[in-house]
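K.L.:
Here are the chains, one letter per residue:
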Amino acid sequence: MYLKILPFNKTLFKKDFNQVKILIFIMTIILFFNVTLFVVSRYGSYIKVKKSFIEQNVKYDEKDLIKDCKEDIAWRLEDPGVQSALMIAVPIGLAAILFGEEKRKKTFEVLAVMPYTRYEIFFNKLIVALVSIVLPFIINGVIMLLALGFISNLRMFYSMGQVIKWILHSIYCQLPILSFSILFGIITGNLISQLVLTGIFLIFPMGFSSLIAANLEFWGITQSLDLNNIYFTSVKFSPLAVYETIGQGVGYYFLYIAASIIMIIISKMLFDKSMWERNGELLQFENMEGFFKFGVTLCTALLMVVVLIAFLQNYIYDFYITRFLVLILGYILGGILGYIGAHFSIKLNKSKE
Amino acid sequence: MKMIRVLNLDKYLGGDKILDNVNINVEKSSIYGLIGPNGAGKTTLLKNIVDIYRPEKGEVLVLGENIKDNKKIKSQLGYIADYQYFYPNFKVEQMVDFYRNTYPLWEEKKYIKLKRIFKLDEKKKISSLSKGMKTQLSLMLNLSISPKVLILDEPTSGLDPVIKRKVLDIIIDEVSTNETTVLISSHHLGELERICDHIGIIHEGKILLEDSIEKLKSNVRKVQVAFKDGIPEDIKNNRDILKIESRGRVYEIILNDHMDEFISQIKQYNPILLETIDMSLEEIFIYKMGGVGYVFEDITI
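Protein sequence lines, in the order shown, are assigned to chains A and B. Note that the numbering used here has the first sequence beginning at 83, numbered continuously upward. Note that the numbering used here has the second sequence beginning at 117, numbered continuously upward.
It is possible that part of the hints are untrue.
As the list claims (entries may be wrong) - Only pairs whose alpha carbons sit at most 20 Å apart, straight line, appear in this in silico SDA-like list of lysine to any residue:
1. A:LYS350 with B:LYS187
2. B:LYS338 with B:ASP289
3. A:LYS188 with B:THR293
4. B:LYS247 with B:GLY274
5. B:LYS188 with A:ARG200
6. B:LYS359 with B:PRO348
7. B:LYS352 with B:SER362
8. B:LYS188 with B:TRP222
9. A:LYS247 with A:TRP157
10. A:LYS375 with B:GLY130
11. B:LYS184 with A:TYR201
12. B:LYS173 with A:ARG360
13. A:LYS188 with B:PRO204
14. A:LYS130 with A:ARG237
15. B:LYS231 with B:THR293
16. A:LYS355 with B:GLY130
To be verified - A few chain B positions that, by computed beta-carbon distances, are all more than 12 Å from chain A:
17. LYS127
18. GLU172
19. LYS173
20. LYS184
21. ASP213
22. ILE228
23. MET249
24. VAL291
25. ASP313
26. GLN340
27. ILE382
28. GLU391
29. THR392
It is worth saying that the hints were derived from the structure and are not from the lab. Positions of the beta carbon are idealized from the N, C-alpha and C atoms, including for glycine.
I would like the entire structure built from these sequences, with the hints used as guidance.
P.N.:
Dropping the structure here:
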């Protein structure tokens with residue numbers, strides 16, 4: 083009944099799923115070798131270590147050995163390395179394939195003519211993206227749970243609750259990154275601009291506040307501002323900060339899930355308004371070009387000063403006037419370069435009918 | 117019954133007005149040819165009709181309903197683009213499956229028949245198909261959905277002469293057996309003349325003329341005339357003359373309209389030669405375009 087109300091379409095789902103299944107497969111395999119295999123083989127490793135201790139007559143505490151194995155598993159399930167990197171890269175990749183690739187190859191034109199509404203096209207892509215971030219964790223989670231069921235000795239190392247928590251946390255962490263990537267997939271016009279701008283804006287709050295802080299320092303007004311506070315506040319505005327919220331309280335979970343839903347709703351509204359003749363261009367919406375030019379000009383101006391000061395600091399730091407001139411020169415040079423760069427990156431990607 | 121109606125359509129691309137207050141009407145079971153010079157706005161107009169582009173002003177009605185996000189109408193609408201944007205990583209059979217599962221009126225028998233005509237290998241990847249093969253695939257798919265309205269943008273470009281002939285025959289057959297309405301744009305005016313019953317000429321985003329080929333050809337004609345003492349001034353200055361050329365005493369006059377009145381006018385001066393000659397669509401197009409400043413010039417290198 084609800085499936086009829088929701089614009090779910092099996093054909094669209096299958097088509098989109100086919101496009102991303104390789105990504106799901108890779109994610110599942112990497113998770114298997116990085117997490118699942120490590121977790122389910124703990125009992126074997128525990129026996130091996132115990133055996134070697136006995137053979138070498140090394141005294142050991144059984145409880146400590148079990149505790150070490152438990153900690154190894156807990157650490158692996160919260161692994162900030164490969165797993166976290168995947169949890170950032172995969173949602174970005176999914177949005178890139180589902181939106182950027184369709185724009186680059188102009189296959190949205192095929193869908194536009196077919197008997198599908200834009201809502202259906204968007205909704206099924208969203209469902210595929212959600213399934214894709216969930217599936218690898220579900221598959222690996224189920225393997226770990228089955229191992230727990232069949233190998234009773236594993237129960238002393240990890241619990242069912244731990245695995246379920248791992249699945250839920252992994253999905254939760256990917257949600258804001260996925261919705262952020264989808265939003266950028268909608269507002270950008272091609273694959274390259276989508277990947278570049280998603281990457282830039284994921285770290286933008288930290289990068290921009292650091293640039294501001296560095297520039298304020300050059301002007302000698304650092305003392306009056308609590309820059310550390312500015313930096314740590316700005317970090318929270320990046321979807322990447324979701325990783326810092328694990329175990330910090332239910333409030334954060336609600337906040338990030340709500341933010342993800344809002345980004346999805348905005349994406350859907352913008353998708354409806356998309357002019358598909360701009361597919362392949364840098365930005366999907368013409369009225370964003372001014373903002374883009376301004377943003378790139380400002381950031382390049384701020385960055386150019388940082389670069390110039392880094393190169394010339396030995397020569398100018400003691401002379402206020404020279405430093406002042408270098409700062410002004412940096413802003414002008416950076417501003418001009420930024421504006422030209424932004425202008426031409428828009429112009430070069432203009433579609434020609 | 118009007119199957120396609122474009123009403124007061126304006127479309128801008130990159131800040132330029134590509135379509136300017138365009139109105140066209142396509143009758144049921146007719147083949148409507150859209151012609152115009154390069155950059156006139158033909159593709160943009162067709163993309164607006166099939167809902168790829170959305171107009172800034174005006175609306176497009178297909179089968180009497182607005183096309184925008186209209187699933188019911190789109191399931192009866194086929195579109196063959198000038199360049200086929202298929203999923204390149206798909207095999208032909210996957211693309212066929214996608215269409216088969218999407219269109220409720222998919223006709224398997226027709227698809228099998230078309231497959232036999234075009235002999236396209238279903239196991240091939242779309243990325244390995246040539247432009248002509250992709251057009252054939254698009255034609256197979258779009259005819260198999262049993263369209264009530266079929267829009268074709270330069271469908272024969274990139275096809276060899278044999279396939280080109282097959283494609284045109286299939287389109288004619290589709291119209292005669294299924295009463296499909298066809299809107300086709302092409303630079304090959306000879307082809308359009310063979311298959312179309314209506315023509316629309318578009319230039320700089322505006323529709324210059326919309327008429328049946330029959331009427332157009334009866335209106336725009338060439339008259340060869342010779343007078344003993346040269347051409348009378350009032351004939352020379354007739355408002356309906358598109359072009360006048362002289363070869364000795366023989367004048368070749370291209371007339372835009374009011375042929376009967378013009379002939380009567382000529383007869384008053386007792387011409388020593390009077391002959392009316394039918395013109396091809398290509399000639400009509402060239403002279404009509406000449407009338408709006410799009411002039412063909414002889415270039416000698």
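K.L.:
Verify the proposed pairing of B:LYS231 with B:THR293, using a straight-line Cα cut of 20 Å.
P.N.:
19 Å, holds
K.L.:
Assess, step by step, whether the Cα of A:LYS355 is no farther than 20 Å from the Cα of B:GLY130, and give holds or violated.
P.N.:
16 Å, holds
K.L.:
Run the C-beta distances from B:MET249 to all of chain A and say if the shortest one exceeds 12 Å.
P.N.:
The assertion about B:MET249 holds, with a minimum of 17 Å to chain A.
K.L.:
Does A:ARG237 sit within 20 Å of A:LYS130, going by the straight-line distance between their CA atoms?
P.N.:
With a Cα-Cα distance of about 18 Å, the restraint between A:LYS130 and A:ARG237 holds, given a limit of 20 Å.
K.L.:
For B:THR392, is the shortest beta carbon distance to chain A beyond 12 Å?
P.N.:
Per Cβ check, B:THR392 is outside 12 Å of chain A; nearest 41 Å; holds.
K.L.:
Given the hinted pair A:LYS188 and B:PRO204, is their Cα-Cα distance within 20 Å?
P.N.:
11 Å, holds
K.L.:
With the threshold set at 20 Å, check whether the alpha-carbon distance from B:LYS352 to B:SER362 stays at or below it.
P.N.:
11 Å, holds
K.L.:
Holds or violated: A:LYS247 and A:TRP157, Cα atoms, limit 20 Å.
P.N.:
13 Å, holds
K.L.:
Is B:LYS359 within 20 Å of B:PRO348, Cα to Cα?
P.N.:
16 Å, holds
K.L.:
Going straight from one Cα to the other, do A:LYS375 and B:GLY130 come out at no more than 20 Å?
P.N.:
17 Å, holds
K.L.:
Are all beta-carbon distances from B:GLU391 to chain A longer than 12 Å?
P.N.:
44 Å, holds
K.L.:
Over 12 Å from every CB of chain A: does B:LYS184 meet that, or does the non-interface label fail?
P.N.:
9 Å, violated
Checked against the numbered hints given earlier, the structure breaks hints 2, 3, 17, 18, 20, 21 and satisfies all the rest.
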